[in-house]
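Residue numbers (the numbering used here), protein chains in the order written: chain E, 10 to 326; chain C, 10 to 326; chain G, 10 to 326; chain B, 10 to 326.
Hints were generated in silico from the structure; no laboratory data involved. Glycine included, each C-beta is placed from N, C-alpha and C at the ideal position. Do not rely on the hints blindly, as some may be mistaken.
Using 30 angstroms as the maximum straight-line C-alpha spacing, the simulated DSS-like pairs for lysine-lysine come out as follows [what the hints assert, rightly or not]:
id, chain 1, residue 1, chain 2, residue 2
1, B, K313, G, K313
2, E, K313, C, K313
3, C, K288, C, K298
DEER-style ranges, computed between Cβ atoms [what the hints assert, rightly or not]:
id, chain 1, residue 1, chain 2, residue 2, range
4, G, T128, B, Q119, 24 to 32 angstroms
5, C, P149, G, H199, 38 to 46 angstroms
6, C, G316, G, R131, 37 to 45 angstroms
7, E, G265, G, H199, 50 to 58 angstroms
8, E, D245, B, E167, 55 to 63 angstroms
9, C, R314, G, E69, 48 to 56 angstroms
10, E, D194, C, R17, 49 to 57 angstroms
11, B, E135, G, H199, 57 to 65 angstroms
12, G, E249, B, T82, 40 to 48 angstroms
13, G, R310, B, E69, 46 to 54 angstroms
14, G, Q296, C, P149, 34 to 42 angstroms
15, B, E135, C, S14, 39 to 47 angstroms
There are 4 protein chains.
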Amino acid sequence: MRIDSSARGVYVIAPTPFLADGSVDVPSIDRMVDFYLECGATGITVMGQMGEAPKLDEQEAVEIASRVIRRSTVPVIVGVSAPGFAAMRSLSRTVMNAGAAGVMIAPPVQLRTDDQIVTYYRQAAEAIGADVPFVIQDYPLTFTVVMTPGVIRRIVNENGSCVMLKHEDWPGLEKISTLRGFEHDGSMRHISILCGNGGLFLDFEVERGADGAMTGYCFPEMLVDVVRLTAAGQRDAAHEIFNAHLPLVRYEQQAGIGLAVRKYVMMRRGILSSDAQRKPAVALSAQAKEEVEYLLSRIARVDKRAGLAPLGAATKA
Amino acid sequence: MRIDSSARGVYVIAPTPFLADGSVDVPSIDRMVDFYLECGATGITVMGQMGEAPKLDEQEAVEIASRVIRRSTVPVIVGVSAPGFAAMRSLSRTVMNAGAAGVMIAPPVQLRTDDQIVTYYRQAAEAIGADVPFVIQDYPLTFTVVMTPGVIRRIVNENGSCVMLKHEDWPGLEKISTLRGFEHDGSMRHISILCGNGGLFLDFEVERGADGAMTGYCFPEMLVDVVRLTAAGQRDAAHEIFNAHLPLVRYEQQAGIGLAVRKYVMMRRGILSSDAQRKPAVALSAQAKEEVEYLLSRIARVDKRAGLAPLGAATKA
Amino acid sequence: MRIDSSARGVYVIAPTPFLADGSVDVPSIDRMVDFYLECGATGITVMGQMGEAPKLDEQEAVEIASRVIRRSTVPVIVGVSAPGFAAMRSLSRTVMNAGAAGVMIAPPVQLRTDDQIVTYYRQAAEAIGADVPFVIQDYPLTFTVVMTPGVIRRIVNENGSCVMLKHEDWPGLEKISTLRGFEHDGSMRHISILCGNGGLFLDFEVERGADGAMTGYCFPEMLVDVVRLTAAGQRDAAHEIFNAHLPLVRYEQQAGIGLAVRKYVMMRRGILSSDAQRKPAVALSAQAKEEVEYLLSRIARVDKRAGLAPLGAATKA
Amino acid sequence: MRIDSSARGVYVIAPTPFLADGSVDVPSIDRMVDFYLECGATGITVMGQMGEAPKLDEQEAVEIASRVIRRSTVPVIVGVSAPGFAAMRSLSRTVMNAGAAGVMIAPPVQLRTDDQIVTYYRQAAEAIGADVPFVIQDYPLTFTVVMTPGVIRRIVNENGSCVMLKHEDWPGLEKISTLRGFEHDGSMRHISILCGNGGLFLDFEVERGADGAMTGYCFPEMLVDVVRLTAAGQRDAAHEIFNAHLPLVRYEQQAGIGLAVRKYVMMRRGILSSDAQRKPAVALSAQAKEEVEYLLSRIARVDKRAGLAPLGAATKA
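All chains should be modelled from the sequences, with the hints used to inform the complete structure.
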C-alpha cells in the first residue's frame, strides 16, 4: 500500500504519546490509531513536525512508526527530514521495509533560490530511491524556505516519485488555485494536495481544489466532516461545523504551545493517557488550560462529539 | 493630548485611502476617521505596517497624518519606523508638532541579541526626544526580532517615554500574563498593552490583562464590543460576538492580501470609495472576493451591523 | 555624464566625514574627493552601506551628494535604497537633477524567491524612471537576498537602464565567470561588473572578467594598481601589491568595525580631519588601533605611499 | 584523555577522506592523522562543519571517529550537533566510550534570544551527561545565532562541563578581549578559546588571548607556527609566516567551495589520495584549480614546506 497522486481525505498528523516519565506510551499509540480510524482518517502521518521526532532516538522512532503501520488499515506516511541525505536514506529504507506508504521531506532552512530548492529535492529523491513515493512539505513560516508554484511544478515534473504536497504556505489559497491551474493547462501532472496549518484555512482550501487535510487538530472528525461536506456540495454545512471549531483550531495553532494544547485535549477525550511531552517541552499554564476548557465547552454546544470523557478514562480503558 | 500608560480601548490602525489612479483619496480619509469615532475607537494609529507608508513620500505622509489628527477627537499615534535615526527624529518632530499623541517604533530586522534590542530603543528614545511618548511594536512574525518579557521590562524601565506595547507576538497570551506579573511584583512600571495580529486572539488577550486592541480589522466595532463586554465581565457575550467574526478576522490575517481584504470590506461598507492600493500591490482574485462576500453574509446573520451598503455608496455620500 | 555598461576601473565608496560633535565635516569632503581623483578613481559612490546614509536626514544627504558631484571630475553614483518606492523615486530624481551619474539599489531583506527579486527590480526601475541608469547591489552576506546568475540575467534583460552590478556575493568568482559566459553565449547583454567586499578577492575577480572595484578600502590606490596591472597582463606584480595590503584589507572587512578602521586610516593619512562617526557608532578600542598601526607599518615596508601623514595634518592643510 | 579548560595549541578540523566512488578512504584517514601529528597538532576534531558529517550514516560516522581516536596520540573532539537531544546523547555516549576527549555542540538556527541560547546549552549538557566535556561552537555567520560575551559567560558558569569555546564570531577580536576580561574580573571561570574561521584572524586572535586555533586550513603547520611564535613573543615572525599564507587562507574561506580547495591541496600534498567529496558536492572549476596552484606557487617562495608532492604520491605511498 503506497500513496500515489490520487490520495484524498484526511491524513492525521499523529503526536507521539509519552508517559510522565518520558517513556513511550505504547497503549496510547494503539488507542490513538484506532481513534483516527474511527474518525474516518484516510491516512496517518508520523514523525512530522508535531511528532517530537527529534526527541526520539532512531530505534525508538522506527519502533513507533512500525507499531502504527502494523495497526493501521490506512496508509502511513513517515517524516524523514534529516540534516543529511545519508540519514534520510537510511531511515526511508527502514520504514518503507516496515510497510510505510511513503515519506515526507521538509526543505532545510538554508535554501534560498529557486534552483537550490529544486536541486535539493532532486538529490533527496535520488537518495531515498526512485521507488519511494514522497511528499513535499511546504511550510515557509517554520522553515523560512519559500517555494513558488513554479518551483513546485519543477519538482513535480522532475521527480516521478513526488506524489503529494503538504500545503502549509500562508497565505496559500491562491497557491492551490495556481497549482490546479498548472494541471488544467497541462504544464504539471496531477498531485495530491493535503493542507496543514492546523486546518486554519481548510474550509476554503478544499473549495479551491485541495484534496483534503494533513494536520493533527485534536478533533480530526471535524476535518473529515469539512472534506466530506464540501465534496458533497454542502457548503453551508461545511462552514457551520468548521466555524464551531475555529476558535480552538486557532488556539491550537499557537507556535510552541500548540502541541501541548493538542495533547491536553486528546487526554481529555480519553485517547492519550497523559498529555506529557518528552523534554524539552513547554507546559500549559493553569490559565491556558482554563481557556482550552472554555473553548471545549463552547464547541460542545454545537458538536456533540465534543462531550469529553471523564478524566482518567484512557488509563481505565 | 498625548498618550500615556493609562491608554485603553481600541486604537484602530488606519489604512491610507487611495483612488484607482494612485492618488490619495482625501474625502475617504475624513469619512474613515468619522467612522472610527462612531465605532467607539479610543485612538487611531496611522502609518503602521498596514498604512502603505513606504509608498508615500514624506510630504504626503505628513499631510495625511495631519489631516487625521485635525479631524480626530481621540489621540492619534503615528508610525515613525525608519532605516535610521535621522529620518525617525525628523518625522517624529514634524508629526508631534502637528498634534500627534505619540509615535510607534518597530525594531529593525537585523537585531538579534537582548542587548542589541535594548540599545536600539534607548537610542531611538534619545533620537526622538524624551518628551515624545512612544510605543514598542513587538511583532516577531514580520520583523524576526524576538523580545522576551525581560527585554521589554528593560526597555520600559530605561525609558520613561515608553508608555505602550503594541503586542503582536504569536503566541502571546503568556507574555501578557508575564508582563502583568512584572507589574504586580513591582519590577516594571505599568504600561498600556494593546494587541495586534488583526485581533486573532483578542478574546483571550483582554482576559489576560491587555488594555485593548491596536489593529485594523474591518469591523472595529467588534473589537470595541469585545473589550467592553470583557471589561463588564460578560465573557460569553464577548466570545459570542468575537466568534461570529473570527472566520473573517482569520481571513484578513493572511499576509500579503490582508490589506486588500480590509480595504475591500471597507469599500463594501461605504467607508472607502475605492479598495485601491498604491503600487506595488496584490489584488484580490475573483474567487477571493467571493470568499469574502460569503464570510460577510455569514457574519450578517449574527451581527446586523454587517449589512453592507450598496456598492458605490461611498462615492455618492 | 551618466554611467553606462562600459564603466571600468575603481569607483571608490566614499564615507561621510563628520566632526567629533556629529556635524558634517565639509572641508574633509572636498579633500577626500580630491584624494580619490589623485588616486586614479574612475568614479565615486556616495550613500552606500559604508556612507552612514541612514544617519543623515534627506536634506543633508542631498547636500553632501551634491557637493561631491560638483567637485568630482568623474561620475558619481548615489545609493538610493529605501523602504519604499516613493522615497526611492524622490531621492533619485533629486540627485539625478543635481548631476549624479546613476543610482545604486540594494534588495530589501524580505525578498526570497527568484520572481520576488526580479519583480522588485522591475518595480524599482519603473519607479525611478527608465532614463536613470542603475546599479544592482548583490550583497547576500548583509542583505540575506541570494541572486543566482540567472536572476541577474533576467533583471538585466528586462531593464535597459540596468548598467552595472556591484558584485559582492561571497564566494563570487564563479559567478563572474558565469555572467561573462552569459554574455559570450549571447543570452545577456554586457554590463559593467565592479566588485565590493572591501576588495578581499579583487586579485582574482579582475582575472575572472570583472571591470574593476567599487569599494572603499582606505588605500584606493592599491585597488587602482591591481586593476591596471592585471589589465596590462602583469599578474605577479598585481598580486605582489595586493598581497602587501591583504592583511589590512581583511582587517577592514570586519563587520561593524570596518568603517571605524577605514576612517581611522583616512585620518592618519591626512584625508579626514577626524575619524568620528555619527551616533550610533562603535569606536575602535586602543588595542584595535595598535593593530591597525602595526598593519600600516608592515605595509609601509612594501608600499611607500603608506608612509603616514603626521597626526593632525588634515586639520592644518 | 579528556579535554579541559587548559587546552592550547592547534586542534585541526579533519575532513573525511573519500574515494571517487563515494566510499570512505580508510588509508587516507590514517595518513591524515599521522600528518596532523607531524605538523604539531595538539588535538584533532572530527565531524565538524567541514567533515561532511551529514553525508555519513551513523555507523560510518562512529567508525571514522573511532579510527581517528585509536590512531591519534592527541585528544580527539567529535562534533555531535543534532536536530534533537536524543540523537545528540546517543552519539555522544558512543564516541566517548570509543575514547573521544570531548564533544562539540553548535546551536540550532532557530535560537534567537539570550535565554533561548542559555537554555539550549543547559539542556544539551544535561542530555549528554555532566561528565562529558563540551565545546561551544560560536559561528553566527553560518548558524545565524548571535551569542554575546554575557551569554557565553552564563553558559560557562552554569555548566561545569563546558570547557572550551570554538570562537568563530566575525568580527571577534573584541569578543576574545571581553571574555578574557571576564576571567580577570572574576565573573567567569577560565575556558580554552580556540579560533576558527579558517584562521583568517589567527594572527591577532592569539595576541588577544586566544589559546590557539581549531580549524582545518590545508597547512596546519602554519597555524602551529603562528601560535608558537606568538607565545614566544616573536610578533614579526608570526605575522611573516601568517601573511605568506593569508592569500590562500582567504581563498579557502569561500563558503561552499572551501572544502573543495582544502581537499585539493591536501591531495596535492600527498595526504589524501583523492579530493573527492561525497555527493552532493561542488567541484572546483579548472580556473579555480589554476588559482589555487598559483597561490601555492607563491607560498612556496616563502615557506619551503609548500613544495608539493608529485601528483599521485599519496596513492603510491
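Here's how the hints hold up against the structure:
{"no.": "1", "hint": "K313/B x K313/G", "in the structure": "28 angstroms, holds"}
{"no.": "2", "hint": "K313/E x K313/C", "in the structure": "28 angstroms, holds"}
{"no.": "3", "hint": "K288/C x K298/C", "in the structure": "20 angstroms, holds"}
{"no.": "4", "hint": "T128/G x Q119/B: 24 to 32 angstroms", "in the structure": "29 angstroms, holds"}
{"no.": "5", "hint": "P149/C x H199/G: 38 to 46 angstroms", "in the structure": "44 angstroms, holds"}
{"no.": "6", "hint": "G316/C x R131/G: 37 to 45 angstroms", "in the structure": "42 angstroms, holds"}
{"no.": "7", "hint": "G265/E x H199/G: 50 to 58 angstroms", "in the structure": "52 angstroms, holds"}
{"no.": "8", "hint": "D245/E x E167/B: 55 to 63 angstroms", "in the structure": "57 angstroms, holds"}
{"no.": "9", "hint": "R314/C x E69/G: 48 to 56 angstroms", "in the structure": "50 angstroms, holds"}
{"no.": "10", "hint": "D194/E x R17/C: 49 to 57 angstroms", "in the structure": "54 angstroms, holds"}
{"no.": "11", "hint": "E135/B x H199/G: 57 to 65 angstroms", "in the structure": "60 angstroms, holds"}
{"no.": "12", "hint": "E249/G x T82/B: 40 to 48 angstroms", "in the structure": "41 angstroms, holds"}
{"no.": "13", "hint": "R310/G x E69/B: 46 to 54 angstroms", "in the structure": "50 angstroms, holds"}
{"no.": "14", "hint": "Q296/G x P149/C: 34 to 42 angstroms", "in the structure": "36 angstroms, holds"}
{"no.": "15", "hint": "E135/B x S14/C: 39 to 47 angstroms", "in the structure": "41 angstroms, holds"}
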